[in-house]
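These protein sequence lines map, in sequence, to chains Z and L.
Residues in the first sequence are numbered from 1 upward in steps of one, following the working numbering.
Residues in the second sequence are numbered from 1001 upward in steps of one, following the working numbering.
Each hint should be verified, as a subset may be incorrect.
What the hints assert, rightly or not - 27 Å max Cα-Cα, derived DSSO-like pairs, lysine-lysine:
hint, chain 1, residue 1, chain 2, residue 2
1, Z, 396, L, 1014
2, L, 1005, Z, 305
3, L, 1161, L, 1075
Hints are computed from structural coordinates only; laboratory data are not their basis.
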Amino acid sequence: MILIMAWRNIWRNRRRSFITLSSIAFAVIFSTLMMSVQRGSLDQLIDNSVKFYTGHLQVQNPEFIDEKSINNSFSYGSDLLPNLEGIKGVQAVSPRIESFALASYENVSKATMVLGVEPEKEDGIMVLTKKLVKGKMITSDSKGVVIAAGLADYLKINVNDTLVLISQGYHGANAAGLFVIEGILKFPNPMQNKQMICMPLQQAQWFYDLKNKLTSVAILLKDYKDMPAVEEAASKFIDPKTERLVTWQEMTPELIQTANMKFASARVMILILYAVIGFGMFGTFLMMTAERKREFGIMLAIGMKRRLLQTVVFSEIVMLSALGVLAGLAVSGVLLTYFHFNPIGLASSQKTIAEAYGMEFAIRFSLDQSIFIFQALAVFILATALSFYPLNKIRKNDPVVAIREGQ
Amino acid sequence: MSVIKAENITKTYKETAVPVHALNGINLEVQEGEFTAIVGPSGCGKTTLLNILGGLDHPSTGTVEVAGTNITDMKDSKLIDFRLQTIGFVFQAYNLIPVLTNKENVEFIMLLQKRSKAERDKRAMELLEQMGIADKANQRPSELSGGQQQRVAVARALASKPKFILADEPTANLDSVSTANLLDMMARMNQEQNATFVFSTHDQRVIDKAKRIVTLEDGKIVSDETRN
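Just need the whole structure built from these sequences, with the hints factored in.
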């Protein structure tokens, strides 16, 4: 009967309860949408960022992250790549040599970034093939190179022209060579587009005198949340004396800062939202307490224990909040599921460009369960905190005064 | 056997600039089975006395014994339980729980006493029948007239099997027909079940039905008349 009383009490003032319910539901819908977009955009940011270049994880020489020199490369065994590819959750593995060289064509020179890759494997991360705008893509056996469109423009070089590269090889060895331009790539990242030269890994090892050596192995995961498990599995295949695993967070600290700022602003918005909703709920509880002061006094007079009366009122508040949360979760669940599978895209022209770069520019919605759980908990905690007011009023209710004032 | 014994009760309200002496040395003993009316003009202290006898308020001085238990300095939580087990209340404005049906209102007090569902059902229906409103058992109080609501309130007060019932101006909001009906019901309960009633009233119709009339003036008992 106590729960029946609590339930019926909710509907004593239907209009007020409906408004309170709606405000709670709206808060849940709005905050879950907001958090879902934030989480989705974070996932997108990470995906796009790691697909730009770094991958989620890299195997490197322990010194390489601080000093990106080919002297900080590492020797690798033939089983390293298959072992890493066999880890559950790994989508792609790409061995690399990253260094710099002075590129010259006719009377123009420019400092460039040289990336030695196995093109077929690198297509699993940077998707170089999709960036090709002219010529043909190199293969592992090619002798030529592909260069970024911006760099090609600067050097005024074209497909089938020969590029001169001069650099310093492993431990001071001379590095110089002539490379035919086989294709031109357009990178979405302006820096990459002005500097990047990609060549087959074997060519790079020859050029820099890095026989059987790499500067990194980039690993792309199917889902970045699997990183701890993949990290643990991958650590079994590397020699900690000469190699270490570096995470995308270590490689791109600015990405973490951006993500933190995005989350901080979302949290502030949600806090403001809950403050507004909290005042609305408090208004309801305040009016309910004032209206029922005499009733509370009567109940205490006829022998209802204060704790039991508090339980009834607390049950009302929990039921009302739970109804609001459930209604909100139901609506937001439908909305988020729809938008998760049908992301809000950009205009078709922008979409084409994005796809050409192997990037996703749609607004992505996350369906992470923690978003829903957090909202339910947040409203429950808010309601519990606000229930302090009516519960305290019941604790202090003097039946004589309450009955007299209600006469 | 006395169910109420009040000795030298005083009550002074000090909240105002000038202290108000609501009760000045009340001595009152009520025996089991009495049908007592406490009468007097407005402001004479009737409600204050009833509140003290019912354990809702504490006297400034003096002692109150109810059913042999001194409740003068009893703590709030114990008093609530004591009221539940010992005293039935009927209020001027009925004060039924609006979200419960009439039967549930009568049952509610027994639920607080932790009685079984079967016992609650049986007694609630018996009392509603005795009050002549069994057909309204599943309706809400708001669907009843004032007189019918007050009968539900009396049934609720009796449901807990109290030692006595305190009724503060129970007919103040009722028309003459409802008042007569309610008084007849209560008089019958008094005669048939030996239920003890203590009223505060200035309604002459209630006074006429009472077996004992205690008159208050300025917080003092000025007369105490028993009729046969």
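Now the hints, each set against the structure:
Taking the CA atoms of residue 396 of chain Z and residue 1014 of chain L, the gap is about 19 Å. The hint holds against a cut of 27 Å. Between the alpha carbons of residue 1005 of chain L and residue 305 of chain Z the distance comes to roughly 25 Å, so the proposed pair stays at or under 27 Å and holds. Straight-line distance between C-alpha atoms of residue 1161 of chain L and residue 1075 of chain L comes to about 23 Å, which keeps the hinted pair within the 27 Å bound.
In the structure shown, no violation is registered for any of the earlier numbered hints.
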